Amino acid sequence: MSAAGRSARSVRPVRPVSIASFAQSQNVRRDEEHNEVEMLLPVIAEVFGTIGITKDDVDFICSGSTDYLIGGPFSFVTALDAVGVWPPRAESHVEMDGAWALYEAWVLLQEGEIDAALVYAFGRSSLGNLNEILALQLDPYYLAPLWPDPVSLAALQARALIDAGKGSEAEFAAIAARSRRDALGNPKAQVANDIPAATLLEDDYVVSPLRRHALPPITDGCAAVVLAAGDKARAWSERPVWITGFDHRMETHSLGARDLTGSPSTVTAADVAGVADGPVDVAELHAPYAHQEIILKEALGLDDGVAINPSGGALAANPIMSAGLIRIGEAATRIASGQANRAVAHATSGPCLQQNLVCVLEGE
Amino acid sequence: MAERCAVIGVGQTHHKAKREDVSIAGLVREAAKMALADADLSWGDIDAVVIGKAPDMFEGNMMPELYLAPALGAVGKPMFRVHTAGSVGGSTALVAAHLITSGIHKRVLCVAYEKQSDSDAMWALSVPQPFAAPLLAGAGGYFAPHIRAYMRRSGAPEHIGRMVAVKDRQNAMRNPYAHLHLADIDMKMVEDSMMLWDPLRYLEACPSSDGAAAMVLSAEDAVSGSFPPAWVHGMAMRSEPTMFAGRDQVNPQAGRDCSADVYAQAGITNPRAQIDVAEVYVPFSWYEPMWLENLGFCDLGDGWKLTEAGATAFTGDIPWNTSGGVLSSNPIGASGMLRFLEVAMQVRGQAGEHQIDGVRLALGQAYGGGSQFFSMWVVGSDKP
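First to last, the protein sequences are chains W and H. Once you know that position 286 of the first sequence is 290 in the numbering used here, the rest is easy, because the numbers rise by one and skip nothing. Once you know that position 359 of the second sequence is 1059 in the numbering used here, the rest is easy, because the numbers rise by one and skip nothing.
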């Protein structure tokens, strides 16, 4: 059964949950000064501090991270010291991007028995060789032993896009140039500059047809969000940013069995989340490679009037395991500030956009 | 308001030291297909898949949900990956249950596994980390001092651990899926086994197993299958830090808080009287008396007396781990889910030779990390 051929929309009423607070670290190429706990401590303090609450005001904690970055088991265990779960707390962890940790917390808030949750995610990509580490996400019997690196897999996708007439190297360069230029307004961005697309096209290929500018930076960073419902949502925000739709979908692992020029899982998630139910002002898309923005824009049905990745997106900073969570935080920030009324945030996991999450946010 | 949630299908693999006949995908699919068949459902009837396992480094496969999605019928569906250390099998079931109780989905497949033969868990647990106390002797080396502390505090005699080791292996003889089938297990055999981490001998420790567990969870209006559903009456998770001055590692506060929460939801005020059977995460023999106290089945210091008196034996008034428990099968990521699954089987009357008669309310418990992550549920034959 194709994902797109099946409407999974439910008539279930959604309990309004707000993004009450968002904080992220400075995104950097290599943070050798801090371990994971030290990276998280100021971010957790900020996410609570800006709305004047403490850890005692949240009922649930959920985090996202992967052991493979630190090269040891249970990296999330010590990271919990950044929160300080004493007395003991209801807490969980996903070995996924923090956007999915936020989804788990949102699910619990739907039941109406708790009203607030802390979500955080962290990743220090600099500790190892990402090209080798991410190859271990692949089928361990037939693919991983060949060590296909993520850049080469993304290049296959970009080539398929060009061959299908859906994108060009010039368009990839234009997306990269726009993203890094927008990132000049984002003090947390790692890569921000104003270089014309024509100049970027003079780069050498890293893996054809992808040049350096079309690749995400390698980033150390972390982020945190406070979710709130009910009275807490109103008490903690002057203008609550509500999650009005939320879904995520998986595709098959076998790259040869996928049409890499489309994203049927994003189409389904967007349908369930109700992206098309209203106008979209801003979209924060987790598109680590420039060409993936084209695929996601089409899958989400976004027109040219939508401001895409005003933060600079993953091309400006791509901290593994928190880059998706940051998309939700960045989108919410633009609504809270009044720059936008309705936004779409997206997160991805796996090679060539295998798994995708879509979150619709609306201001009051 | 939260919706009701029921277990309507269970499946598990034959747990073995090496399942060389299947890939990781084959292993999880074996358990999942069995759970679907038990619920009289097919892949298309499932709305979402939740998968859990212990550290990815155990098999060397990062975020394996990506690779396992097609094997578990998850293509086009939401698929979620949980990792909360040793408690993960239980936590995975709870994340899946919340997808039902929140009203988001009608039927959710949850799966947990470990293929320990693809790995060296002892090595993976012992990678030195900067600024962290080295754990150079695997989990047993970490827990042995806590067991010594328990023995000193409670005055428990040395033979209690051996009694648990014998009891759980005798129970495993009734469970065709158990890894260890030690027909001639007795106190002397345990006593004669090699000392691994004083006071734990070889036969007082869990085996290293390949295995998977799966359950189909359902909303009230989507119940199917020929066995009656096991209704979730209470569920909770609690975590506390690994170490800080004043932490009680023998009787962790997180475990006490977690059970208090679950009992309150399930209306349990006297666990020993009201809970008919329990599956509790006992990877090392002494954790039975320790958890008896932590879970409130007796007063502090009396856990070993219940074990010694046979209260937790198959014929006792509170049978614990009639499946043989973690001491008889330990596919790490799945071990917690097996506790949750086995009590559902007891409630549904499908536990075969290790079935206890007339089970109406049962407790499943899992723990992980340095005895700091807890997940529990209580399931019952009546609707909550």
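Please note that the accuracy of each hint is not assured.
Unchecked claim - In silico lysine to any residue, SDA-like type, Cα no more than 20 Å apart, as pairs:
{"#": "1", "chain 1": "W", "residue 1": "59", "chain 2": "H", "residue 2": "941"}
{"#": "2", "chain 1": "H", "residue 1": "806", "chain 2": "W", "residue 2": "144"}
{"#": "3", "chain 1": "H", "residue 1": "806", "chain 2": "W", "residue 2": "115"}
{"#": "4", "chain 1": "H", "residue 1": "806", "chain 2": "W", "residue 2": "17"}
{"#": "5", "chain 1": "H", "residue 1": "806", "chain 2": "W", "residue 2": "19"}
{"#": "6", "chain 1": "H", "residue 1": "718", "chain 2": "W", "residue 2": "281"}
{"#": "7", "chain 1": "W", "residue 1": "59", "chain 2": "H", "residue 2": "942"}
{"#": "8", "chain 1": "W", "residue 1": "59", "chain 2": "H", "residue 2": "747"}
{"#": "9", "chain 1": "H", "residue 1": "733", "chain 2": "H", "residue 2": "747"}
No lab work stands behind these hints: they were computed from the structure. What you are looking at is a predicted structure, and each value in this text was computed from that prediction instead of being measured.
Review point. Regarding the pair residue 59(W) and residue 941(H), is the alpha-carbon distance no greater than 20 Å?
Key: holds, 14 Å
Check your understanding: Does residue 19(W) lie within 20 Å of residue 806(H) when you go C-alpha to C-alpha?
Key -> Satisfied, since the Cα-Cα distance of roughly 18 Å is no more than 20 Å.
Check your understanding: Keeping to a limit of 20 Å between CA atoms, is the pair of residue 718(H) and residue 281(W) held or broken?
Key -> Violated: residue 718(H) and residue 281(W) sit about 52 Å apart, past 20 Å.
Review point. Given the proposed pairing of residue 806(H) with residue 17(W), does the C-alpha separation stay at or below 20 Å?
Key: Judged against 20 Å, a Cα distance of about 15 Å means the pair holds.
Check your understanding: Hey, residue 806(H) versus residue 115(W), does the alpha-carbon distance stay inside 20 Å?
Key -> Since the Cα atoms of residue 806(H) and residue 115(W) sit roughly 15 Å apart, the hinted pair holds (cutoff 20 Å).
Review point. Does the structure keep residue 59(W) and residue 942(H) at a Cα separation of 20 Å or less?
Key: Status holds; Cα separation ~18 Å.
Practice item. Could you grab the alpha-carbon distance between residue 733(H) and residue 747(H) and see if it respects the 20 Å cut-off? Key: holds, 15 Å
Review point. Are residue 59(W) and residue 747(H) close enough, with their CA atoms no more than 20 Å apart?
Key: violated, 34 Å
**Study point:** Satisfaction of hint between residue 144(W) and residue 806(H), Cα-Cα up to 20 Å
**Key:** violated, 32 Å
When held up to the earlier numbered hints, the structure conflicts with 2, 6, 8 and fits the remainder.
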